[in-house]
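Input sequences plus hints: build the corresponding full structure.
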Amino acid sequence: MLEQVPLQRLGHTIIVTLQGDLDDATVERIERAVTDEVAKVRARGVLIDVSGLAVVDSFVARVIARLVGMVALLGAVSTIVGIQPAVAITLVELGVPMDHVHTALNAEQGMARLRRMWDDTTGYRR
Amino acid sequence: MTPLATAAEPRAPGEAPTLVQITGEADLLRVRSTLRAQAQVAGLGLTAATKLVTAGSELARNIVRYATHGQGVVLVETAEEGSRRGVRARFSDDGPGIVDLGAAMTDGYSSGGSMGLGLPGSRRLMDEFEIDSVPGRGTTIVICQWNR
Amino acid sequence: MAEAGVDSALTAYETMIDSVTDYEIIRLDPEGTILTWPSGAKQLTGYSAEETVGQPLSMLYPSDEVPAERLLGELRVAADKGRHKIESWQSRRDGARFWASAVLTPIHGHDRSISGYVLVARDVSEAREQELAMRSMEQMLDAITDYEVIRLDQQGVVRSWNPGARTLKQFTAEEVIGHHVSMFYTEEDRRSGLAEREMAAAARAGRYETEGWRVRKDGSRFWSSISLSPIRDDKGEVTGYVKVARDLTDRREQEQLVQRQRDEILELSTPVIQVWDKVLVLPIIGTLDSARAARLTESLLERIAVDQAEVVILDISGVPAIDTDVAQHLLKTVEAARLMGTTSILSGVRPETAQAIVHLGIELGRLRSRNSLQDALQLALRLVGGGSADERVNAHA
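Protein chains in written order, with our numbering: chain A, 1 to 126; chain B, 1001 to 1148; chain C, 2001 to 2397.
Mixed in with the good hints, there may be bad ones.
One-sided excerpt, in silico: chain A residues whose CB lies under 8 Å from chain B [as the list claims (entries may be wrong)]:
#1 L53
#2 V55
#3 S58
#4 F59
#5 G95
Calculated from the structure, these hints are not laboratory results. Quick reminder that beta carbons are idealized off the backbone N, C-alpha and C, glycines included.
And the structure:
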C-alpha cells in the first residue's frame, strides 16, 4: 500500500505529498494509508504538502480536514503546507470550514510549526 | 448544427462545444481537465481558472451523487461577449431534480450526506450561475467565468 | 386542311381556357379584333361577349392612357418578336381601371403569315401598389448615408440595402440581398440564434433595441446600436422587419479607455509593499467595490506566495467607509492568507469603523488588529521573530 501512496518518514514526522489531479478513490486511499502509518510508527507529526495541487474542491478539502481530525485522535499533530493562492481564495469562497486546520507557507516552516505544536500538546516550554 | 466534439481538446471560439459524459467518479478528472484547457483558450487568469475548475468539479460530483445512475453530460465551450472571453459550461442530468431550489442554494443544505456546499459554493465562485430544475425531470446548471 | 386543323385545336383549347378565371385569355384576328370572350375575361372586365366580340381590342383600354394606334404598334411588335409583354391600365365596364399585365403572342398560319393573336392578361394592381410604395420607401432610404436602414423579410433575409448600410458594413446590395441577416453576426451569436431571438422580441414588443458586435465584409468588428421594428400587413401578420443600425465603436472605445484609466489609477494606488523580510503591507486607499477588492486579494495572495511572506498588514486607514461587503471581503482575504500559512494584521481601524464592524455582527475570529501602522509593524516584526522590533523598524527606515 505504501508504495502507491506518496508517504515519507523524516524522524517522528510523516510527510504526505499530494500532487496532480487526484481522483476521489486515490484521495481516500491516501487518507487510510496515512492513518495506518501514523498508528504503526507512532508518528508525532504529519506534514501534508499540497503545493502540487492546482485544485482543491470541497471533497478533497473535506478529506484533508477529516484526516487532520483522525491524526489528532491518534495523538499526533498535523499541518498543511503550500496551499496555492488561487486555491486558498477558492476554498474561502466555496465556504469549506477549515478553522481547525493549521497551515504553513512551506515545508520548512511546516516542520517548525509541527515542533511548536508538539511542544504545546506535551506542555513543554522552551 | 455542427456536430459535437467528444475529444477533450480545447475549442476556439465559434467551434463546437466539447462534450464530456459523466458515468462515474472517474469522469470528474475529465471534466476538470477539459475546463482547465478551455480556461487557457479563453485567457482566464489563474484564480478565475481555479474557481472555474473547482465549481465544475462540485457540479460534476453532484451529478455522480444525485442523478439517476449518476449519469449526465457536460458541455464546455468558449463564450464571447464583446471583446471579453470566457468559458461556459452546461451540466445536465435527468435525475430526480431539486424540489426546493431556494433551500438547495443555501449553505449547509444537503440531501446526500455531504456538506451541502456544492451549489451555493459554486455560485459564489462563478461570474454567472443559472440553475433550472424540474422535480422528476432533471437539473441543468449553466456556469460562466469571464477573463476579466 | 392545315388551317382547319389549327382552328379545331384552338376551339378545343378555348373550351379549356373558358374555365380559367382571374385571367383574361382572348383571341384576336390579325387586325386586333376580339374573336373570343371566355368567362375569365368577363369576370375581370365586366363586359359580356356580346359587347366585345367583333370589337377592336382598343375598347378594353382607356384611350387617354393607351391610344388605339399604340395598340396596333404593340401588335406589330408581337408579330416581330413572337411574344410581347404590355403593362398598362385597362378599363372595366363600370369605368374603373385596373393595372394589367398582358402577354401578346402571335398565331401563325401554315404559310407563316400571322393568322391572329392570343392575349393573356391579369390584374396586378395590388402588386403594383405595393411595389410603388416599397420603391418610394427605398428611394427615401437611399438618401440616408449615415445610418443603416434595411428591410428584412419575415425569415430575416435581407430584402433591401441602403448606402448607409454599405458604408457601415462594406457589402454592396448584390452581395447581401437574398442572404440571411445573421451573415453580419459573430460566429457565436450566429450559432446561438441571436438574430432569430431579436426578431421574435421585436415582433412581440413592437420594437427591439440593442447594442452588440457585428462583423464587416473584411471580417473586422464594430460595436453597433440596433433598432428592429416589425412590418405588419393589414391583418396584423408580421411580413418583415425594418432594421436601423449605427456604428458606436468610437463611443465604446472612449468609455473603455476611461474605465481602463480608472482601473490603472486604482491599481497604482494600492501597491503591495515589502517593509521587511517576510512582512508585506497592503495600504488600501479609496472606495472598495467587489471587483477591486477581488483584484486586491488576488495580487496580495500571489505576492505572499512569491515572497513567502509570514505576515501581511492590511492598512485600511485610507478607506472612507467599511460596509458589510467590504468587511466580508477583508475577512475572506485574511482567511485565504491564513490558509496559505500567513498571519494578517489589520491596521488603521477608526472608531466608527470598529463600531460598524461589530454592529454588523461580523465574526472577527482570530483577527489581529492595531490602531496605527507603527503598532502593526511592531507586532509583525515580533511575529517573524528575533531582535528588537523598534531597532528593526528604525534600521529599515
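Quick check on the hint: A:F59 CB to chain B CB, less than 8 Å? holds (6 Å)
Does A:V55 pass the interface hint, meaning its C-beta sits closer than 8 Å to a C-beta of chain B? With a closest approach of 5 Å, the A:V55 hint holds.
Interface hint check: A:S58, Cβ to nearest Cβ on chain B, cutoff 8 Å. Holds or violated? Where the cut-off is 8 Å and the nearest Cβ of chain B is about 5 Å from A:S58, the hint holds.
Mind checking the CB of A:L53 against every CB in chain B and telling me if the closest is under 8 Å? violated (10 Å)
Given A:G95 was flagged as interface, is its beta-carbon under 8 Å from a beta-carbon of chain B? holds (5 Å)
In terms of the numbered hints stated before, the structure departs from hint 1 and from no other.
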